[in-house]
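Asker: In case you want the letters, here they are:
Protein chains: 2
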Amino acid sequence: MARRSDHSREEIKEMALEAAVNILENEGSKGISARNVAKAIGYTVGTLYLVFENQRDMLLHLNALSLDDLDAWLEEHTGSGATPTENLLQLADAYISYAVEKSARWNLLFEIQVDESNELPDWYLMRLGRLFGRVESILSPLAKQHGELEIQRAARVLWAGVHGICMLKIRQRLTLAGGQSPNEMTKMLVDNFLEGFGK
Amino acid sequence: MARRSDHSREEIKEMALEAAVNILENEGSKGISARNVAKAIGYTVGTLYLVFENQRDMLLHLNALSLDDLDAWLEEHTGSGATPTENLLQLADAYISYAVEKSARWNLLFEIQVDESNELPDWYLMRLGRLFGRVESILSPLAKQHGELEIQRAARVLWAGVHGICMLKIRQRLTLAGGQSPNEMTKMLVDNFLEGFGK
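Residue numbers (numbering that gives the first Met the number 0), protein chains in the order written: chain A, 0 to 198; chain B, 0 to 198.
Mixed in with the good hints, there may be bad ones.
Copies of one chain are not kept apart here, so a pair can be met inside one copy or by any two copies together.
[Claimed, not checked] Simulated pairs of lysine to aspartate or glutamate, EDC-like, Cα-Cα distance not exceeding 16 Å: (1) K29 - E110; (2) K186 - E110; (3) K12 - E26; (4) K12 - D121; (5) K38 - E13; (6) K12 - D92; (7) K101 - E24; (8) K38 - E110; (9) K101 - D68; (10) K101 - E26; (11) K101 - D67; (12) K38 - D68.
Note that these hints are calculated values from the structure, not bench results.
Owing to the predicted nature of the structure, the values given are computational and were not obtained by experimental measurement.
Bound-form chain A, shown alone (with noise of 0.2 Å):
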C-alpha cells in the first residue's frame, strides 16, 4: 500500500478517477464503491474521502470527466455541414453513437438524482453549458427572429428530445410498432421542429 506522503492530494484525486473510470467501463456502475477505487490505487478508503466530500462528489467529478470526454467525441465526430439542419443531425448522431459505444459512461450521468438541497456544483454546470453552447451556435444563425433566450431554449428543448429517444431506444431498447432507429427518429424530431421555429 502506498503512503500518503507518495503522491499529492491532486495525483491521488486524478489517479482515484482514472481508476474509476476503468472500472466503470469494464464493470459498469454497480463496481464503483469508495472501496474499489481506493484497493485499486493502492490507498485507503480514508483517504480517498480526504480529496471528496463524499460518494457523490466522487461520481460527480467522474461524470465531469465523462462530460470532458463527450464533448471531445462531438468535437471528434463532426464536421462543418452545409445547413444548420445538417449539422444538428450529425451532432445528434454524435450523441447516440457515444450513447452507445460508451454506454456505461452515458448511463451514469443520468444515474445521479439531484435533491432540492443538492444542487449541482458550478464546475458540472459549466460542463452541461458547453455541451448546450454547441447547439446553441448551430441554432443562432437559423432563428434570426428569436433572441439569444428563445434559441438557449429551444436547443435545451431539441436536446431533451434527443436524449428521450435515445434513453427509451438504447437503454430501454424499445422496439415498438413503426420502430425507427434512434438516428431515423432523432431526423423526424429534428425536421419538424426545425421547420417550426426556423419559420
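Since the structure of chain A is already known, use the hints to place chain B on it.
Answerer: Same frame as chain A, now just chain B:
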C-alpha cells in the same frame, strides 16, 4: 405466516403486487426485494417464485400495473380540447404531473434495462402500445397527408421528446440558463414539431 393453501396463485400474485406498490411508494425502488415483498404478505420467497419467474418478472408485472395506473391518470386528467395541439399539450401535462406526483412508480418504469436476450413480453408491449395509441389518435386527424406509419412514428418521436424533458427536468432537476418549466419546454416542442408535421 399464511399457509400456501390459504390463497390461490392468482391471489398471491395480486397480494404481492399490491404490497410491492406500497413498498415502492413508501420506500422507493431500493426497498423492493423478493424478501421484503414476501414478508409483507406473510409468505416465503419460495412461494413468491412460484408465481413470478424471477425478480425481473415481478418488477415487470409491477410496472404493468403502473402503466395501467398511468393510463387511468391520463384519462382522468385530460378533456376534449378544441384543437389537436391543445389535446397533445393536455396529454403531455398530464404525463408530467404523473411523473411528479408518482415519481417512484414513474422512475421504476425506466429502471429495468432490456437486453437483447430479454425482450419485453406481449402483455407489457400491449400496455405501451395503448399509451402511444393516445398520442396517435390525437395526431391522426391533424396530419391528413401522412400515412398510418408516419403517424405512429411521429407519436413515438414526440413522446420520446416529452419523456426526455421529464427525465432531465424532473429526475435530474436541471436548472439551466433560460430555464423553462417542463410544461413550457413541452409546449415549445409540441408547437414547433406540429408546425412542421402538420403542414
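Asker: Taking the hints in turn, state whether each one holds.
Answerer: Quick rundown of the hints versus the structure:
no.: 1; hint: K29 - E110; verdict: both (11 Å within a copy, 14 Å between copies)
no.: 2; hint: K186 - E110; verdict: neither (27 Å within a copy, 26 Å between copies)
no.: 3; hint: K12 - E26; verdict: neither (20 Å within a copy, 34 Å between copies)
no.: 4; hint: K12 - D121; verdict: neither (19 Å within a copy, 48 Å between copies)
no.: 5; hint: K38 - E13; verdict: within (15 Å within a copy, 45 Å between copies)
no.: 6; hint: K12 - D92; verdict: neither (33 Å within a copy, 43 Å between copies)
no.: 7; hint: K101 - E24; verdict: within (8 Å within a copy, 33 Å between copies)
no.: 8; hint: K38 - E110; verdict: neither (23 Å within a copy, 29 Å between copies)
no.: 9; hint: K101 - D68; verdict: within (10 Å within a copy, 34 Å between copies)
no.: 10; hint: K101 - E26; verdict: within (13 Å within a copy, 31 Å between copies)
no.: 11; hint: K101 - D67; verdict: within (13 Å within a copy, 34 Å between copies)
no.: 12; hint: K38 - D68; verdict: neither (25 Å within a copy, 45 Å between copies)
The structure shown violates the earlier hints numbered 2, 3, 4, 6, 8, 12.
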